[in-house]
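Number of protein chains: 2
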Amino acid sequence: MKVKRSERIAAITKILVEHPNVIFNLDYFSELFMAAKSTLSEDILTIKQTLDSFKLGIIETIPGAGGGVRYRACWENGKISRTLRDISQKLRDPGRVIPGGFIYMTDIIFSPSTAFNIGEIFATKFADKKPDYVITVETKGIPLAMMTARAMNVPLVIIRRDSRVTEGSAVSINYVSGSTGRIQTMSLARRAIRGGARVLIIDDFMKAGGTAKGILNLMGEFGADVVGIGVLVATREPLEKLVKDYLPLLILNSVDINTGTVDIVPNQNL
Amino acid sequence: MKVKRSERIAAITKILVEHPNVIFNLDYFSELFMAAKSTLSEDILTIKQTLDSFKLGIIETIPGAGGGVRYRACWENGKISRTLRDISQKLRDPGRVIPGGFIYMTDIIFSPSTAFNIGEIFATKFADKKPDYVITVETKGIPLAMMTARAMNVPLVIIRRDSRVTEGSAVSINYVSGSTGRIQTMSLARRAIRGGARVLIIDDFMKAGGTAKGILNLMGEFGADVVGIGVLVATREPLEKLVKDYLPLLILNSVDINTGTVDIVPNQNL
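Residue numbers (full-length UniProt numbering), protein chains in the order written: chain P, 1 to 270; chain E, 1 to 270.
Okay, chain P solo, but in the shape it has when bound:
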């Protein structure tokens, strides 16, 4: 059965897009469609040019043995701004203010489409850091970290607040929560990260940066190198965080519990 060009293009696009950052050898498609590699190269060029012109992402061709083709998420700045504006708009709803001055945002960050978008934005912003792992601390940052890991095609690592028996020997550290000043514990299974690895920290929220600082220290114990820190929301105050280089997508300027006013805006320095 002969497969038409438009059919090959639909199938190849589906397979590439669904496996971001995975290299597919042309032999794979060649066998699947019983088509010559030169034909497939033309198909892939069409897909590449289409994604380029509609700003839907990047198709890369990797030459040589072990080479092939892969899709990579890459968002243009305009789309990032629009998406972050939409999210901050939702977060400004006065009904989200919780006693204590917190904002209820789990429905937003646990929405698969929003988490997917945030993951692709982080993947775009940290692409050049080439992390080996995306790491987070349980619990609320996990969906965002998972979607970032998926967009970059690297394993997710979850640091626990206590060490669980089902993960074998673990490294634990104590750290001081920057906002509450309380001593807390985080731990990670020994075998979760290999020495010398490059890790990207992703979390939902940063106030003083105590948790991120704790992860930095824990990664030191593993001999791993933190190549980036991305958070969905960082509070403006305190200005001086416990970590230096971090990338917040949104800035929470203030929450007024009495009026329900939430002043949150996209980070203008993305």
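Heads up, some of the hints might be wrong.
Identical copies go unnamed one by one, so any copy, or any two together, can satisfy a pair.
[Said to hold, decoys possible] Distance condition first, Cα-Cα at most 20 Å in a straight line; then the derived EDC-like pairs of lysine to aspartate or glutamate: (1) Lys37 <-> Glu167; (2) Lys48 <-> Glu18; (3) Lys213 <-> Asp225; (4) Lys4 <-> Glu42; (5) Lys48 <-> Glu7; (6) Lys37 <-> Glu60; (7) Lys129 <-> Asp93; (8) Lys55 <-> Glu18; (9) Lys2 <-> Asp52; (10) Lys90 <-> Asp107; (11) Lys130 <-> Asp256; (12) Lys213 <-> Asp162; (13) Lys48 <-> Asp27; (14) Lys207 <-> Glu138; (15) Lys4 <-> Asp52; (16) Lys79 <-> Glu31.
I should point out that these hints are in silico values taken from the structure, not numbers from a laboratory.
Based on these hints, arrange chain E on the given structure of chain P.
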């Protein structure tokens, strides 16, 4: 600028596949490509037939106002079997046995590609249950639950082991862990689920079923209806679980700590 047929097909496939279960109105594509709806209907038919013939998923056309086209993940049984065989093969590695008779599996279930596959398998198996939410208990089940939620395009809900101040008023229940016999707590923010909702429980592991039973009880407090329970691994023993209808993808027959033998197999009754 005129957009060619093969280019429209690449772009439409990308957009549909990346947003499973989201209905796109033809007007959207019509504006994007400045093409007639009849032309787009032909393009979509080609995509539909291609995904059909390569068993890559389903394209559905929804008629009427508010109608349009959507992509839905749907795996054939052969691909499900091969994927589960691969995963159980990896889990049989003697190096995974941890003191206490547990198996280290976080690297597998936190791998984005594996979690993606498991999410699509659950989405395939539970498609007819039409859940409004996918729900899990922190922590290890979250990546699988997130990927299932994404494949079905419904919100993820995470039950906490303690109630956090940042989520407002919460409902807590105590339950007895079926395997340890200890009393544990789980809690969920009041606003996380609306009454009358249909929920699908997804978790990584089930032994006696105490956690699933706890979720069932908690959902009762919310007036929500549990329409399915999916777990990646269920132990064969105890045969009588605390919940009746659950779907395990893999069955863990036994773990021999002395020899490092892990007897785990795909569920033959999928």
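Item to check | Index of numbered hints that the structure contradicts, given in increasing order | outcome: 1, 7 and 11
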